[in-house]
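> Quick note, the sequences are listed as chains A and B, same order. Numbered per numbering that gives the first Met the number 0, the first sequence spans residues 0 to 379. Numbered per numbering that gives the first Met the number 0, the second sequence spans residues 0 to 525.
Hints may contain errors.
To be verified - With the Cβ distance kept under 8 Å, some of the chain A side facing chain B (calculated, not the full set):
#1 G69
#2 F83
#3 Y106
#4 S290
#5 V344
#6 L348
#7 P349
#8 H376
Said to hold, decoys possible - From chain B, some residues computed to sit far from chain A (all C-beta separations above 10 Å):
#9 A70
#10 G80
#11 A99
#12 V113
#13 G114
#14 E169
#15 F178
#16 Y286
#17 K313
#18 Y411
#19 R416
#20 S431
Unchecked claim - Straight-line C-alpha distance at most 20 Å; calculated DMTMM-like pairs for lysine to aspartate or glutamate:
#21 B/K361 x A/D150
#22 B/K375 x B/E514
#23 B/K334 x A/D151
#24 B/K497 x A/D150
#25 B/K360 x A/D151
#26 B/K497 x A/D111
#27 B/K313 x B/D380
#28 B/K211 x B/E514
#29 B/K125 x B/E48
#30 B/K289 x B/E317
#31 A/K373 x B/E514
#32 A/K365 x B/E514
#33 B/K360 x B/E372
#34 A/K109 x A/D194
#35 A/K246 x B/E164
#36 A/K365 x A/D194
#37 A/K109 x B/E372
#38 B/K334 x A/D150
#39 A/K373 x A/E44
#40 B/K332 x A/D238
In short, the hints are calculated from the structure, not lab data. All C-beta atoms, glycine included, are put in the ideal place defined by N, C-alpha and C.
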Amino acid sequence: MIFDYETLKVIWWLFIGALLIGFAVTDGFDMGVGALLPFLGRTDEERRVIINSIGATWEGNQVWFITAGGATFAAWPLVYATAFSGFYWALLLVLFALFFRPVGFDYRSKVDDPRWRNAWDWGLFVGGAVPALVFGVAFGNLLLGVPFRFDDTMQVFYAGSFWQLLNPFGLLAGVVSLSMLVMHGAVYLQLRSEDEINARAGTAVMISAIVMMAAFALAGVWLATGIDGYRIVSMPAADTAFTPLAKIVEKAPGAWLANYRSHSWMMAAPALGFLGAAFAIVLSRAGRALSAFFASSLSVTGVILTAGFTLFPFIMPSSSSPASSLTVWDAVSSHHTLQVMFWVVVVFLPIVLAYTSWVYRVLRGKITVETIRKNQHTAY
Amino acid sequence: MLPDLALVDVSRLQFAVTALYHFLFVPLTLGLSWILVIMESVYVMTGREVYKDMTQFWGKLFGINFAMGVATGITLEFQFGTNWAYYSHYVGDIFGVPLAIEGLMAFFLESTFVGLFFFGWERLSKVQHLAVTLLVALGSSLSALWILIANAWMQHPVGAEFNYETMRMELTSVADLIFNTVAQSKFVHTVAAGYVTASMFVLGISAWYLLKGRDVPFAIRSFAVAAGFGLASACSVIVLGDESGYTVGEVQRVKLAAIEAEWETQKPPAAFTAFGIPNEAGQRTDYAIKIPWLLGLIATRSTDQAVAGIGELKEEAEARIRNGMVAYAALQKLKSGDQSAAAKAAFEHARKDLGYGLLLKKYTPSVVDATPEQIKRAAADTIPRVAPLFWSFRVMVALGFLFLFIFAASFYFLAVRNLAPQRWLLKLAFWSIPLPWVAAELGWLVAEYGRQPWTISGVLPTFLSVSNVPASSVYLSLAAFVAFYTLLLVVEMYLMLKYIRLGPGSLHTGRYDLETGSVAGREVAP
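My request is simple: use the sequences and hints to build the entire structure.
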């Protein structure tokens, strides 16, 4: 299959979206479980149950994030350059939070001291909650537009600060993503645990799903009524190579709703976000944890797609120099690279999915306090 | 607008610190994973429990190290974007490709199966579990392959050209990128160095148990696996050492001249300077002890090809800088809207030297008005400082031969069943544990410090590659990295030492010394 440049540009928007959704659906529940750990586990053994419900598989899940980063580098180098350097402190905050996970999982139970273990438990909490929050804040700010511009050699200059990211809408988006991943983590924990932890996880599902739906609805209303979107006024042909500066962009009220007006099927995405969460509550209460997990996964998918559909074709709009805005048409790699990487994804992603499912099948089943006692020296 | 030089220096320092730190954990992961495969294979073939215990005990140490490798590895991926934004834009079209493939093809494999390695013992058949261990090892070495393909492209950028419409380098041949000769020699050299590191780690710790007379059957078998694997790996590191990669590409040739303190081109075959004191000011090597023919033979595999000296390379660079000014002027013309065939042809003609033109931006932002004095300075910039490379390389090579000796002696005394009396060898093996790390870090220094002043050899100067973030931010993040990494290292070392001291008794199988609290044999602290 040889695709034309324009088609590949759209395919790569789908691929990056798929990698982000893959990340949120898999590592998302690891982060949610991490965020819940100090609250749902009251004794050391209970905390070990929670940790071991994700301990054997979280590492592979995190690779969705690494791969999404690598794929962004390869397919959208300007996005990689602009977002990572512009959101410098936000990214470093995520990075330092993520440090706690690999070492936290492996080191926590290797020393039998309550202070040591408690410290790592809070480390795992930070490693789950902080990235979940910051990713949402970052997406919220993308919808607002961020202040950056390019010079004629494509050096990027970012004019904002870390504190400016923490505006009310950005924080609201952070609440959406944090509560969404907590819901997802709680559903997963319910699937893998029994008795008290299972019951506490069920409560967490309900609370977090309700918070998520409320925050998601509020963000939607805010976006529709109070936040100006961006639209492309003119640009070179989509199947050619050009830099962001070659187009004209304007800020316009209601522009973020334009895609939903012209393609009403896109409304399915926010609907999925709400319905998935609602079903997660219902199924979780009915004790059908696996179905609840699928519902929650659909909700996560719907919320991320909503952000993507709203922005499309924008990836990173610039508030200070609208022409510098990064879109799927001009932030991309060359035709050749997109084509090569298309094949890489088509070949390797199914292989990854296949062996990941096999590993989950092998490691399936409930983790209980008895499991921990039996594997005192090998369990995390 | 140009980034200020303090920002460039602190960004470089941060990258060096975080990369060198990450590289404390990578070599052990690379090698130990294969040592686990060997041990477990013996277990599957013979059914003897001690080999399962070996796999599990060394696997525990593998896990402690692996966690640090994962934690510090993400930093490097983030950092291209956070601190090297112009680099990311300028070469992401090519450089991002191996990084993304690494994630999809290698890191997923390694990370998905590593959990099953630890937690799958009771859920998998023996052969299935061995396959899992094998996939972890394969994943980690494949990961190194793709990272080194990316790195080799920085050293010797093939299969790409500059596109003036997008103002960046773009991929023209993915085959050239993957089959880069520098990538091949780098890959073999780097993974073999990792295998040596892990072998020395297992050998030294096993030697310590032997010296203390504890867990002897366990220790002697571990020692044997490490001696065999280490011997093969040390031979690969030396024989397939990546000096062969230094004959291709301008900057690799510069690096070779600096490593060898080859100030002027010698009449072939060139002599090798075994020892000497490089004198930067006098552009000569004092007290040099030379071995005739050797350099020519190693570097060119011939007796009639010359190894270019620093003087000659500097003159070449000056000519390319002048041509780079022509390229830059032609690019300006194209960008100002003159899309005529003549303008395109003019740029096409000089395009390959555009990077050399960019070197002048350090002295004059508009490049085309550079004075002969500025051109001379830019040409001098293309030669990295000789002494650090000269010494790093020699210490690394000397260590390589020491490792070869240790593994060969260990292998010999095992083969003649006379190891126990060789306490000197056991002590030497124990005290040599840190040395492969020294060699590996020096190897990194030779490869990356020797690449300066470029991030992409001949294409993009380092000082142009940085992100436009405030230097104060980078100072602060560097301080945060140093503080956090130091803390993590203390924790990691504490756990490593705890489990090394506990030994296989930490598995609680009831078969080992310290579980019962008694240490068989005599106590001799090495």
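> Look at each hint and say if it fits the structure.
These are the hints, each one checked on the structure:
1. G69: This hint holds: A/G69 lies near chain B, its Cβ roughly 4 Å from the closest one there, short of 8 Å.
2. F83: Given a least distance of 3 Å, the restraint on A/F83 holds.
3. Y106: For A/Y106, the interface hint holds, since the closest Cβ of chain B sits about 6 Å away, which is under 8 Å.
4. S290: With a minimum Cβ separation of about 25 Å from chain B (threshold 8 Å), the hint on A/S290 is violated.
5. V344: holds, 7 Å
6. L348: holds, 7 Å
7. P349: violated, 11 Å
8. H376: With a closest approach of 5 Å, the A/H376 hint holds.
9. A70: Violated: least Cβ distance 5 Å, not greater than 10 Å.
10. G80: Not fine: 3 Å to the nearest Cβ puts B/G80 too close to chain A.
11. A99: The claim breaks: B/A99 does not keep its Cβ more than 10 Å from every Cβ of chain A (closest is about 4 Å).
12. V113: With a cut-off of 10 Å, B/V113 comes too close to chain A, as the shortest Cβ separation is near 6 Å.
13. G114: At about 4 Å from chain A, B/G114 fails to clear the 10 Å cut-off, so the statement is violated.
14. E169: violated, 4 Å
15. F178: Given a closest Cβ separation of 14 Å, the condition holds.
16. Y286: Holds, because the least Cβ-Cβ distance between B/Y286 and chain A comes to about 47 Å, which exceeds 10 Å.
17. K313: B/K313 clear of chain A: closest Cβ-Cβ about 27 Å, beyond 10 Å.
18. Y411: holds, 37 Å
19. R416: holds, 35 Å
20. S431: About 27 Å separates B/S431 from the closest Cβ of chain A, which puts it past 10 Å; holds.
21. B/K361 x A/D150: Cα-Cα ~18 Å, so holds.
22. B/K375 x B/E514: violated, 70 Å
23. B/K334 x A/D151: holds, 9 Å
24. B/K497 x A/D150: The given pair, whose Cα atoms are some 55 Å apart, is violated under the 20 Å limit.
25. B/K360 x A/D151: holds, 15 Å
26. B/K497 x A/D111: Judged against 20 Å, a Cα distance of about 12 Å means the pair holds.
27. B/K313 x B/D380: Roughly 9 Å separates the two Cα atoms, so the pair holds.
28. B/K211 x B/E514: holds, 16 Å
29. B/K125 x B/E48: Given pair B/K125, B/E48 holds - Cα atoms ~12 Å apart, limit 20 Å.
30. B/K289 x B/E317: Violated: B/K289 and B/E317 sit about 30 Å apart, past 20 Å.
31. A/K373 x B/E514: Distance ~18 Å between A/K373 and B/E514 Cα, so the pair holds.
32. A/K365 x B/E514: Violated: A/K365 and B/E514 sit about 31 Å apart, past 20 Å.
33. B/K360 x B/E372: holds, 14 Å
34. A/K109 x A/D194: violated, 26 Å
35. A/K246 x B/E164: holds, 14 Å
36. A/K365 x A/D194: holds, 11 Å
37. A/K109 x B/E372: Roughly 62 Å between the alpha carbons, so the hint for A/K109 and B/E372 is violated.
38. B/K334 x A/D150: holds, 13 Å
39. A/K373 x A/E44: Distance of about 12 Å is within 20 Å: holds.
40. B/K332 x A/D238: violated, 25 Å
Checked against the numbered hints above, the structure violates hints 4, 7, 9, 10, 11, 12, 13, 14, 22, 24, 30, 32, 34, 37, 40; every other hint is satisfied.
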